[in-house]
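Construct the complete structure from the given sequences, taking the supplied hints into account.
The residues making up each chain are set out below.
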Amino acid sequence: MIAKTKIISFFTMIFIITFTLFSKGEEVIIADSLQNNNAENAPSSEESKKFEPGKFIFEHIGDSHSWHILSIGEHDIAIPLPIIVYSQKQKSLLVFMSSNFHHGKTSYKGLKIEKEGENKGKIVEVTEDGGLTTDITASKPIDLSLTKDVFEILICIGLMLWVFISIARKYAKNPLSAPKGLQSWIEPLILFIRDDIARPAIGEKKYNKYIPFLLTSFFFIFFNNLLGLVPLFPGGANVTGNISVTLVLAINTFIITTFSGNKNYWKHIFNAPGVPWWLKFPIPLMPVIEIIGVITKPFVLMVRLFANISAGHIIALGFFSLIFIFGNMSIYAGYSISVLSVTFTVFMTMLELLVAFIQAYVFTLLSALYFGMATEEHH
Amino acid sequence: MLTLTIILQAVASAALAKMGAGIGAGIAAVAAGVGIGKIGGSAMDAIARQPEAVGDIRSNMIVAAALIEGVAFFAIVVCLLILFI
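Sequence order for the protein chains is B and D.
Using the working numbering, read the first sequence as starting at 244 and increasing by one per residue.
Using the working numbering, read the second sequence as starting at 1108 and increasing by one per residue.
Derived from the structure by calculation, the hints contain no laboratory data.
Mixed in with the good hints there might be a few duds.
[Unchecked claim] For lysine to any residue, the following SDA-like pairs were computed, each having C-alpha atoms within a straight-line distance of at most 20 Å:
1. B:Lys298 / D:Ile1192
2. B:Lys540 / B:Leu612
3. B:Lys363 / D:Leu1187
4. B:Lys363 / D:Ile1192
5. B:Lys332 / B:Thr370
6. B:Lys363 / D:Leu1190
7. B:Lys363 / D:Leu1188
8. B:Lys365 / D:Phe1191
9. B:Lys540 / D:Leu1174
10. B:Lys540 / D:Ile1175
11. B:Lys540 / D:Val1170
12. B:Lys298 / D:Ile1189
13. B:Lys540 / D:Ile1169
14. B:Lys540 / D:Gly1177
15. B:Lys298 / D:Lys1125
16. B:Lys540 / B:Ile486
17. B:Lys540 / D:Phe1181
18. B:Lys298 / D:Cys1186
19. D:Lys1125 / B:Ala554
20. D:Lys1125 / B:Ile300
21. D:Lys1125 / B:Ile557
22. B:Lys540 / D:Val1185
23. B:Lys298 / D:Leu1187
24. B:Lys358 / D:Ile1192
25. B:Lys298 / D:Phe1191
26. B:Lys298 / D:Val1184
Quick look at the structure:
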C-alpha cells in the first residue's frame, strides 16, 4: 500500500517533467529584440530602449528555452539549456544546447525559435535555404526540451531529496533525541500535515496510505513557490505559476481519488441517497451534476494554485515596471518612484511568502478532503 | 450616419472588450473583498466570544479565505484571457 503511493509519487515527478516539456516556451531575447525594434521605429528613440511592460511581465512569468540571468548593455548573460526536439520534417531526434541559436540571431539544424505570431517562443522549422524564414508548411517539431521550468523542478527535486534524506538519516541514527538544525524546521511541518490535515480529513484508520502523497505535494508546492520568489539564479523560475505543472498536480489528486474510491463513493455519485428517483431516471440529471462536480474539483485546484502564484509574480513585476515606465518619462521620476516601488514590492513579497505557504496548505488540505470523501465508510 | 455608427462600433469593439475586462476584474475584486470581509468579521466575533478557540478559528478562516480567493482568481484569469488572447 505504501509502496503503491510511493510509485505514484515517483510517476508524479515523471509526469510533471513530461508535461512541462510540452508547455509553451518563450525565448528571452530582450536586448536583441529591443535593438531590432529600435532599428525599425527609426528616429524617435535611438538612445533609450522603449520599455514594454506587458512583454517584460510575460517574459518573466513564462517558460523559456534558456535561463536568462541579466543583460549588460547589449550582452545577455544566459545559461543555455539543452533542446531536445523530434523534428517531423527531418524525421530525426535533435539534441543540442540553446546557445546555438545565439539569442535568436541564427537558425540551427533547420530549426529556430519563433519571435512573433501565435508560435512565439516555440521552436519551428525553417525553410531549406537555411536562413531565418519560417517554413509554414511544416508542422512544429515535438518539443521535449529541458526548459527553464523543468530545470527548476529538477533543482527543487534535488533540494527536497537533500533535505529529507538528511533528516531521515538523523532520525534513523538516534530516533529518540530532540530535533536540532534542519529537523527542527521540517518536523513541525510534517507533524502539522499529519495531525491537522491528514488525520481529521481521512480518518485514523486510512490516513497512513495517503501521507506520502500529501507530504510530497505539500513540500513540492511549498518549495517551488519559495524558489519562485528568489530573484537570483537557482530560483526565480515561475514553476507553480505554469499551468501545465498545476495541471499535473491536480491530475494526480484526481487519479488517486478515483482509484481509491470505494463502493460508497460511487454510490453517492451515481445513485445519491435521499434524492428523488425522477432526478436520476429517465434523464440522469443528478449523476451528471455529480460527475461534473468530480471533474471541477481538481480543475479548481489547478486554477487556484496557478492564478495565486502568477498573480503574485505579476504584482511584483508590475511594481518594478513602474520604475522603468516613470524612468522613460524622466530619469529623476524613475529614481524617485523606485523608493516607493521597492517598498511596496518588499511588502508584497512578505505577503507572497504567506501565500506560498497557504496555497501549499490549501492544496494539500483539499486533496486530503477528497481522499477522505472517497474512502468514507457508510454512516 | 449609419455608416458612421457601423464604423464606430467596429473600432469600439476591441476597446469595449478591454473595458469589459477591466470592469470584470473590478467586480471580482469587490466580490472577493466582500466575501473575505464577512469571513474576517465573523471570525473576529467568534474570537471575542471564545478567546481560547483562537487557533481553530484562525485556521478555518484562512481555509475559507483561500477558497474564496480561488473563485475570484477564476474571474481574473478570464479577464487576462480577454486582454491578452
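Going straight from one Cα to the other, do Lys332 of chain B and Thr370 of chain B come out at no more than 20 Å? 11 Å, holds
Given the proposed pairing of Lys358 of chain B with Ile1192 of chain D, does the C-alpha separation stay at or below 20 Å? The given pair, whose Cα atoms are some 16 Å apart, holds under the 20 Å limit.
What's the verdict on Lys540 of chain B and Val1170 of chain D, does the C-alpha distance respect the 20 Å limit or exceed it? Judged against 20 Å, a Cα distance of about 15 Å means the pair holds.
Are the Cα atoms of Lys540 of chain B and Ile486 of chain B separated by 20 Å or less? Satisfied, since the Cα-Cα distance of roughly 16 Å is no more than 20 Å.
Between Lys540 of chain B and Leu612 of chain B, is the straight-line Cα distance small enough, at 20 Å or below? 11 Å, holds
Given the hint that Lys298 of chain B pairs with Val1184 of chain D, test it: the Cα-Cα distance must not exceed 20 Å. 18 Å, holds
Hint consistency between Lys363 of chain B and Ile1192 of chain D [alpha-carbon to alpha-carbon, up to 20 Å]: Roughly 13 Å between the alpha carbons, so the hint for Lys363 of chain B and Ile1192 of chain D holds.
For the pair we were handed, Lys298 of chain B and Phe1191 of chain D, check the Cα-Cα distance against 20 Å. The hint holds at about 11 Å.
Given hint Leu1188 of chain D paired with Lys363 of chain B - CA-CA distance at most 20 Å: The hint holds at about 17 Å.
Would the hint linking Lys298 of chain B and Ile1192 of chain D be met if the CA-CA limit is 20 Å? This hinted pair holds, its Cα atoms lying about 14 Å apart.
Does the alpha-carbon distance linking Lys298 of chain B and Cys1186 of chain D stay inside the 20 Å limit? 18 Å, holds
Satisfaction of hint between Leu1187 of chain D and Lys363 of chain B, Cα-Cα up to 20 Å: Cα-Cα ~18 Å, so holds.
Taken one by one, the earlier hints all hold for this structure without exception.
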